[in-house]
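Enquirer: When we follow the working numbering, the leftmost residue of the sequence shown carries the number 11, and every step to the right adds one.
FYI, nobody ran anything at the bench for these hints, they're computed from the structure.
Any given hint could turn out to be false.
Claimed, not checked - Listed below are the simulated DSS-like cross-link pairs for lysine-lysine, each with C-alpha atoms no more than 25 angstroms apart in a straight line:
{"#": "1", "residue 1": "Lys94", "residue 2": "Lys126"}
{"#": "2", "residue 1": "Lys52", "residue 2": "Lys94"}
{"#": "3", "residue 1": "Lys71", "residue 2": "Lys52"}
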Amino acid sequence: MSTIMRTLRNLRRVGIKDWELINGAGDTKAGTLIATDRYGNKYFENLEEELPLRTRWVDYKDPELDASHIEPGWHAWISYMVDKPPTQDPILQTQVRPWELPNHRPNMTFSRGAFKTYST
11 MSTIMRTLRN
21 LRRVGIKDWE
31 LINGAGDTKA
41 GTLIATDRYG
51 NKYFENLEEE
61 LPLRTRWVDY
71 KDPELDASHI
81 EPGWHAWISY
91 MVDKPPTQDP
101 ILQTQVRPWE
111 LPNHRPNMTF
121 SRGAFKTYST
């Protein structure tokens, strides 16, 4: 939950046109756009005013998306496992690795497609 002062500071920093960008998930955030991945998700970072371990976040292209739509390199960056985003890391520049599936497989937990063990 954001305070009024934090919301006004972020609104002044970003402006009215990007209000949708900072007003999400009950918190107002403003930061620098780092990159956009192949799914259209936008990754942001703010090292100035945020609390530790809350300086990086993702803005999903579709509100229905979940964390399974984050690529492995971006997941490592969001989780603070690596310091450089995949766009600056030479090892992660290869985009799709040979062991990755060509298409995304969503997380089926709590859906009709979830795995169920056989029961007699």
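Enquirer: Each of the hints needs a verdict: does it hold here or not?
Expert: To see whether the hints hold, each was checked on the structure:
no.: 1; hint: Lys94 <-> Lys126; verdict: violated (39 angstroms)
no.: 2; hint: Lys52 <-> Lys94; verdict: holds (16 angstroms)
no.: 3; hint: Lys71 <-> Lys52; verdict: holds (7 angstroms)
Taken one by one, the earlier hints fail for this structure only at number 1.
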